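Take the given structure of chain P and dock chain X to it, following the hints.
Residue numbers (my numbering), protein chains in the order written: chain P, 2 to 296; chain X, 36 to 380.
Note that these hints are calculated values from the structure, not bench results.
Bear in mind the structure is a predicted one, so any value in this text is a computation, not a measurement.
Hints may be right or wrong, so weigh each one.
Claimed, not checked - Computed cross-link-like contacts, DSSO-like style, restricted to lysine-lysine with a CA-CA straight-line distance of at most 27 Å:
no.	chain 1	residue 1	chain 2	residue 2
1	P	LYS253	P	LYS275
2	P	LYS72	X	LYS318
3	P	LYS275	X	LYS307
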Amino acid sequence: MENVSNHTLQINAWIGLCQLDRTFPDSLRNLGYTVDIIDPDFVHEGTKVNPDLILTSRAHNHSIVIDCKSKTLDEEQNEKYEAIHHSPTFLLTRGVVSSAESTEDYDAEFAYSSFADLSVNPFLPDNDFAVVHFDEDANQYIVRTIEDYEFNLDELQSTFPIFTGTRRLPTEYYPFDVGTNEDDYRQFTISILQSTVHVALAQDTFDVDDLLEDAHPLWVDLDANLKNELRSHTKTILSEYQQQGLDEHIQKIQAGSTDEWKVVSKSLQALQRKVDEFVDDVQTKLEQTSLDDFE
Amino acid sequence: MEGTYDELSEDQELQPGQTMLKTFLIESNVSPADLRERVDITQTREVDFNLEELVIRRNGTNYTFFLDHEDSRFWTLYTLEESEDAKKVVADMVSGVRNGLDYTWMPVEQQRDVMEMGEFRDVGVSYDADDVFSEDYIEDRLAFGDLSVRSSGRGTGTLFDILDSHEELSSFLSLSSVGIKREVNGSFVLERVTHNGRFTTSGGDSIQLHLDTVAEIKNRYSTLLQRIEENHRLSYESRDHGTGMDGTPLVIELDNEIENVREFIENTITAKNPLRLWGAKTKLDDQYWKVKGIDLHNNDKYTIEICPEWLRLYLGNEACGNTALRIYSNLQRHYDSNATMEVQE
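So that you can see chain P by itself, here it is in the shape it has in the complex:
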């Protein structure tokens, strides 16, 4: 699919498999899996670990810890995940997982997920955790575990391969990923634009953090560096907003030492007519933003 990174697509697909939605299979939901935690961040054996999501089935008292990859693997990361794979109960005792029962039969497994075939990756360790491949054919994605890398939970393993029946994956559970190698600038720009209208209609003045809190579902839990990067991107968007004459809708004002904006018009039909061109231009500018701009 266009205009959404493979990383974002994978996260959405995993979440989608836990939802009841006629347009997408609910294979994991049928096993009781729900979205336990997105973008978990915890320390294990003194090392910071940050996979993409954890799905938990209360029915099977089992969690899947998933890291969505492109093509690259990292040996140090492999070791971290292998350690989690072999000592899963700490996820419960530390409160990382909240949807499982704290009993002896609790288990969690780690899985790599990718659109690429990681089986040929030289850094894929020789171990027993699952590796899942989003395999594309002309009409659908087929989600399969690659040979020798399977889930230990039989019921889970037997759900694979999952034939999605569509190439039109859901994209909104986790709407954009900015600050990684695969940036969803267009999705981010549109989300900020949406929040500009949303916040502007709700309050007289607002600042960049108001927009980001409204636009980013995980804003509160992001680390400081990423927050600064997103603030910088958002300022670029608002600056372009002013330059393109969209200030007929909102205007920049100086409030103390920080920039704020206020609503000057609630008519949004003019803005509707200009929005496509605006998003194209902003996307180009964001892609050209260098790291120095927000450090």
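Frame of chain P, contents of chain X only:
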């Protein structure tokens, strides 16, 4: 009201000067005091607890309404004013950006349920694609720009069944109103109910039966709205080690498949009536697009993923479920009356 109910009986002509009782069911997210910001209320009188007589001034003329706000989420407005005047006063109330009031947008399924509540008497079919789509789009992509049928009398049911069973027509049979004669315990009432929650009572001998009919339809709508808000809003919760997520989108499946998704979006997401959706679109593939925007009625965020066969609608954590019902029922009314939306129980 006395004049209406005492003097009207089944199939009786109204006397000159008499007007029928109109009842409007309004979905509300605000308090009655906030109503003063929407309309010019010149006089208020408390009739009973939660029932107020309001004199509303519009274009220099006073109109009398009775507002029952016992149910804070669904207000009932009664009036004996002329139909067109009453509709305009109510339109003023529910129009405007972020005003917290909306019509009750009954999907076709609920209108068909109304048919079952009594003896089916009349029907209005009004497919108004030209209210939404451009002339070019209609000419290139749609079988009808507008299609209106109004029928009453014994043959109405048969006519409707014939039209409904015709494959090429069924997608365009958008119900605008349904008329029934309802009889309970020897009392009767003649009601016409529109797609947006307006009841016109043209006869009967029991005000209580009218009130019961409104209450029953309101309860069905309210239950649907509640199920949408409980099951179909995405929520995110900050936790010690990350973010939790709950909720699932709504899917609207189309019978009348979209020929060109980009053009369809450009015609529907215009920030104009009746949908009043503002948004920005992204191409995901040639026939799969995503729109993120704002419902201008109440300033709720929405996201739609759309392809020829379906729309996937995501609502935010605090979004009003009425946004989904407005989108769904207006798609049925202006594009595809056979569209279906499954709501989890």
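Status of each hint after checking the structure:
Distance check on the hinted pair: LYS253 of chain P and LYS275 of chain P sit about 19 Å apart at the alpha-carbon level, within 27 Å; holds. A C-alpha spacing of about 25 Å is found between LYS72 of chain P and LYS318 of chain X, which places the hinted pair at or below 27 Å, so the restraint holds. Of the pairs offered as hints, the one joining LYS275 of chain P and LYS307 of chain X holds, with about 15 Å between alpha carbons and a cut-off of 27 Å not exceeded.
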